[in-house]
Structure formats: structure tokens, C-alpha cells
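Take the given structure of chain A and dock chain B to it, following the hints.
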Amino acid sequence: MGALVELERVSRTYGSGASEVHALRDVSLRMDPGEFVSIVGPSGSGKSTLLHVVGLIDTSTAGTLRFEGRDVTRLPERERAGMRLRRLGFIFQQFFLLPILSARENVELPMREAGVAKAERRARAEALRPRVGLAHRLDATPSTLSGGEQQRVAIARALANRPALLIADEPTGELDSATGAHVMDLFEELNRAGTAILMVTHDISVANRAARRVHMRDGSIERVVVKGIRREA
Amino acid sequence: MLVTRSLRRRPVRSGMLTLAVAVAVALLVALQSLAAGFLAAQTAEVRERTFDAIVQPLATRGDPTLTGPSAAGIDGAHAFARELEAIPGVASASPTLEAFLVTRDTAGDAIQLLAQGVVPAGHLAGLSGAQRAKFDGYFTSAAEDPTSGEVVINDVLAQTTGATRGTMLAFAPSPTDPARELRVVGIFDTPYTGTGVLGGVSIALFHLGELQALVDVDVRDAATRIAVRLDDTTREDAAATARVVEALREARAGHQVLTKDDELEAARERAAISAGFYSAIAYVSLVVSALFVASVMVMEVQERRRDLGVLRAIGWSGASLFRVVALQALAFVALGTLLGLALGYFASEALGGYFREGYGLDVAFTAFTPQLALASAAQALLVGLAAALYPAWRATRVDALDVIRRAV
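Residue numbers (the numbering used here), protein chains in the order written: chain A, 3 to 235; chain B, 8 to 415.
With the rest of the complex left out, here is chain A (with noise of 0.2 Å):
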């Protein structure tokens, strides 16, 4: 089976001179279709940048990333929006919902953005209501919704496209205990139904929810842990 994600020594350094700052130092990772991956590590450990070089929101300044097996380090902005649109989608720690939509618009926008018929639109979104556990609450507001409920119109919108790939900062950094549980649930259960997921976070129990752990210091994998396997870099 081919990879979903190769990253071959992938370099990140922002600045220059004195004020360079390597970001991330010769990562390579594999990543396989419906795999459910967690990178957790300290701050500044450059977690944050990886997930963002896979998702094509930033770019590597050294190696090469393959997405589906085509090299995408170099693509122009243009097809890099067009693969995040279509292939990859993304959940974010502080949400991200428009606040002039409803629940249903948020999770419309991938969709209008691809140009999916209105009716399907609103039959998709009708579809992944139930799935991400929203009852009856997709025309409300975002503001008019708690954590967990935005937590969840973001990850309808993430899923609206039927991404290849979810990447997930953080997602339950916003939530309290049990709804950041109830969360990690429905990843497992996406997981499950075949969705591959990267998701960065710094709560080690959350990321014990996936298959494997990734590992990060100092813009390195430190280590990389399979549910009870633990491999050093």
C-alpha cells in the first residue's frame, strides 16, 4: 500500500543569520492511509510547523513531502489551495468558525469554495450532522454554541470534502475534560470508518487515543511510540 504522507528529511528554518530558527531539522515520517497519528512535545519543539507543512499551509525550506505519492514541496499556491480544499481538512484549537454563519454555512464553505451543488451541500452537511454528533443545532450561530458544539461544526467542516487527511491542532486545547473526551471519541470513531488523522497536542492522554505517538524536541522526532512499542529515532 502506498504511503498517504512521506516526508524525506524535511527542514523548516524561519529568519536568517543570528535570528535563524530552525523549526524542524531533517524529519522524515511515513504516514499510511486510515493511520490515526499524534505528535505531542513541548513547546517550541516544532509540532505546530510539521502539522503545517503537511498541510500545505507552510512551506519546507529542505526536503521533500509526497502527499499520494506526488512530490508537493514545491507546488504553487494556487494547487496547494486546491489540495487543501479537496484532500486535506482541517481542525483547529480555537475553532475557527465564521461568526456572521450559521452552523451549516460554516460547514458549507469547503463545499461552496469546491463548487458542490446546493442541494448536495445541504445534503452532505444534513449527512454529517448525526456523525459528529450535532442535534439540531446547525442553524444556529457559533456564538449561540458551547466549545464542544463548535469543536464539532469544525470537524463537519473539515470532513465536508471528504478529505484524505484530517490534521488536528490541538482540538481539544479549548474543551474541558469531558467534552475534549467526547471529541477524541468521534476522532476514534472517524479513525475507525477509515479517515486518517494527524493531530498535534501537548495532553499526553489525548494522544495515547492514537495508533502512534510521534515524539518531538527541538525540531526533531525524538521518538516514536506504537501503542505499547516504543522506537527511538
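Derived by calculation from the structure, the hints in this document are not laboratory data.
No false leads were slipped in.
A few chain A residues facing chain B, derived, Cβ under 10 Å:
no., residue
1, H54
2, I59
3, D60
4, A83
5, R88
6, L90
7, G91
8, F94
9, A116
10, N163
DEER-style ranges, computed between Cβ atoms:
no., chain 1, residue 1, chain 2, residue 2, range
11, B, R404, A, A116, 22 to 30 Å
12, A, T15, B, L345, 50 to 58 Å
13, A, S148, B, T376, 52 to 60 Å
C-beta atoms are modelled at their ideal positions from N, C-alpha and C, and glycine is treated no differently.
Chain B in isolation, oriented as in the chain A frame:
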């Protein structure tokens, strides 16, 4: 969806912005309607005249003060008129003398008036049907009678002097000159001349010889101009008309011939100058409103930087963000334009009413037409589109990574 919701995001600001555009568009519509209305009124007036040409001196002579002939320059007017009538194709030639006289108002104070000395039959023949009805039957003699003792005055002069039909009014070249009394035989509504508005101006019509005697220029039989009518056959034949006009020009040195086309051209030139002036005011206001739209939209992009960055992160293209912001700006302009057209219509009607009321004339001084509305809307939308470009481009420059990092 995103555009309509954005419009409702800050209702007061959106309302102010829409109103700013509406006021600019209303100004554009009303002022252009006014310029077009004045041109239409002048054109209609010139077309309605039955005079085909005016023969007048090349340069103004005579007394430069406001007494005496205002532009007397034709000597031997009657003889000259007969010369012109001898030209084949000319039906009639009627001399007119214009001068400023004084009379007394109800308080006994001297007031100035515009006096016209005419040959009644010739003068009436040169008026349009509607205007002829105002004067027909006032003078007891249609042929010129230099001793008729009659005067026809306009409604303004009647009001100022308190005169009615049968009242004797005294006229003189100046307050210190001996006055001559004439009997008011008719009062007419002030006509719109096409070359300017006479509303508010006191006017009196005399037999030509009597006015010449009043202003003491009867010795040389002076006139200001001679109005020429062509016969119907000549008027319908452009080549024949041109030949007659040429003959009129060659009739006597030192004179010029103004045809209806010349007057229409002059009216168009005057209208173009006013239209240019009005348009300049309207365009300045339109540009100011466009700058307002651009500033508010730049502010809007800045305020919604996070939303725009998130849209970029989830895969929206720069072109889509450009479209969203540009459409929002255009929506403001379109709403403002619609409101502005409605306001402009009412402003145009109000301006027309103001001039009708002010000058006491039943003339349409404004012309609000569908073409004018469409052209104004197109101009406003074009300016709006230009105003939308910069903020829309700014929206495409929002960096998703920067937005996400700042939020953490």
C-alpha cells in the same frame, strides 16, 4: 451568502456607506437631469420659433449704459427689412428694437424693464402657436402704428406696477428723462426664451416706432435685429434654405445671420458648459464616496483578517477571496446606486419644481430619463468597481499561517 451576511455584520456602518453612495449618485442624477432639462427646454423653444433666421449687427453699438437701445446697430431698419423681403424665398422680415426703459412701481420708485419694439404682425408671425396665443389681439393694429399709445406688458411688470388692462403707465429712457404715458392693452405670461430665463424680468412690448421715439433713435430708424421667415417651399429644401441664408449674409456688410441651427448649436454649447460644471461637482462627490467605500472595505478586510485567513487555510483560493470582498463593495455601491436613483429622481423633480416656481414658468427644466438613470448607474458601478479593487487585492494577501500562528 458570505457577501450578504457581511453586509449585515455592521448595519450602521453599512447604512452610512450605502447612504454616502446614494447621495453621490442622487447628485449625479439630479445635476445631469438639470443640464439635460435645460438643453431640452432651449432646444424645444428654438425649434418652436417660426423665425428661420435672425439678421443682426456683427458688433454692438450705441449707448453702453442701460438706457437707450441695448444693441441697436441696424440703421434704416424698415428699408433693410424690405430689402431682405425682396430676396427670393424670404416670406417676411420683421425688425425688432430692444432697449432698457424705466417706469414706476406701486411705491413710485423707478424700476427698469426690457422694452421690445416690434411690428405686431411680423412679431406674431414669428412666434410659436402657444406663444402667439399670449399676444394675439392685444394691439389694436397688427400693422405698425407709431402713434397707437399702446403697450403690452408681462405678468412681472403688471405685478410690480399694479397695472391692469387699461392702466396708463409712464415710460422713459431714464428716471430723469421726460416720460411718455401708454395704455396697457394686454398682459402676458413670461415666455421661456431659450437663451436665458426671463422669469422675474419686467418686459414691455411696444409698436416699433413708439419705442424708437421713446429712446430717441427714430431719426435713423434703428433696430436691434431683423427676424426673417422663409416661405414653406424654401424651408423644406435644405439647398434652397442654404442659398437664401447666403443671400441674407451678403445683403448688407457688417451684419451676421444666425439660423436656427446656429442657435441650437449655441444652446448645445451653453448646455455642454453647464453639464461639464454639474458633472464635475457630481463626479467629485462620486469619487469621494468611492474613496469612502474603499476605506471602509480596507477596514473591513483588516477586521475580518482572521476569517479570511481561515478561509485561505481550508482551501479557498485568492480569487475567491477577491470575489467575496469585491462583491461586498459592489453590493454597497449597487444598493447605494438604487437608493441614489430614487433620491435623484425626487431631487430632479424638486429642482425642476424649484426653477418652475422661481421663474414662474411652465417649462420642464429637468429631464430624468431611463437612459440617464442607466448611464448614472453604470458610472457609479464602474467607480465602485475601481474602489473595490484595492481592498479585494488586500484580502488575497492575508496569510493563513500568520493568522493561525497569531491565534495560538
